[in-house]
Amino acid sequence: MKDRSLLVGIMADSHGRSEPIGAALEAFRSLGCERVYHLGDVCDSMIPQTANACVDLLAQANVFVVKGNNDHAVVVNQWGMNTGLVREDVLQYLKDLPKSLEWRGADFAHSLPFTKEMGLSAMVGPMTDAQTLRYFSLKKNGLFFRGHSHDPAAAYLANGRVHSQSLEPGRTLPLEDRLPCVVTCGALTRGYATLWNPDACTITCLSIG
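Read left to right, the sequence shown gives residues 1 to 209 (the UniProt record's numbering).
It is possible that part of the hints are untrue.
Have a look at the derived ranges for each label pair, beta carbon to beta carbon [said to hold, decoys possible]:
no. : residue 1 : residue 2 : range
1   : Cys-201   : Asn-62    : 17 to 27 Å
2   : Asp-56    : Glu-176   : 34 to 44 Å
3   : Ala-200   : Met-81    : 43 to 53 Å
In silico DMTMM-like links for lysine to aspartate or glutamate, alpha-carbon gap of 25 Å or less [claimed, not checked]:
no. : residue 1 : residue 2
4   : Lys-139   : Asp-199
5   : Lys-140   : Asp-129
6   : Lys-116   : Asp-129
7   : Lys-140   : Glu-102
No wet-lab data here; the hints were simulated from the structure.
Positions of the beta carbon are idealized from the N, C-alpha and C atoms, including for glycine.
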């Protein structure tokens, strides 16, 4: 019997829309993903009432979630206000979300990986070339998955400089010769998600919806 590679589904930036979360979860299930990550901005501070449905889907599917700036804002704006817009258990879920995660040598965060040093500001800071080089200097073979920027891309070193490559749905990118690498997964609100095969060291941009 041939061994099947472990597959990991990664989504980000649903911004309070439960439909694309459900569509992504279904796509990941059909592909046989054994782990799923959501890289933050599950909800949207402008429409906090939709957080309940979004969080319910993620919690029921045992998705690994990191906190985004909108998730933090919903907690700050709604905690103890008794508006009835967001359930208390949902606010507690959002409040307890980690700012970053690590698994099999890969890092996961909403925007920047330096959450211990930068705290909440790491959720909104841009992943500039300077920040990318900083990560590369710390993780020589690092792989960082992030959200926040809504277009899917992979950044890696080429000829001593940071090269950013746009990712198109359906395309698989080998990473073994591109490590260290920063992968921006793309926003669910734009119909993007990412499939990671850690055994084959590849990523595939997915079209959702």
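Verification of the hints:
no.	hint	result
1	Cys-201 - Asn-62: 17 to 27 Å	holds, 25 Å
2	Asp-56 - Glu-176: 34 to 44 Å	holds, 38 Å
3	Ala-200 - Met-81: 43 to 53 Å	holds, 48 Å
4	Lys-139 - Asp-199	holds, 19 Å
5	Lys-140 - Asp-129	holds, 16 Å
6	Lys-116 - Asp-129	holds, 20 Å
7	Lys-140 - Glu-102	holds, 16 Å
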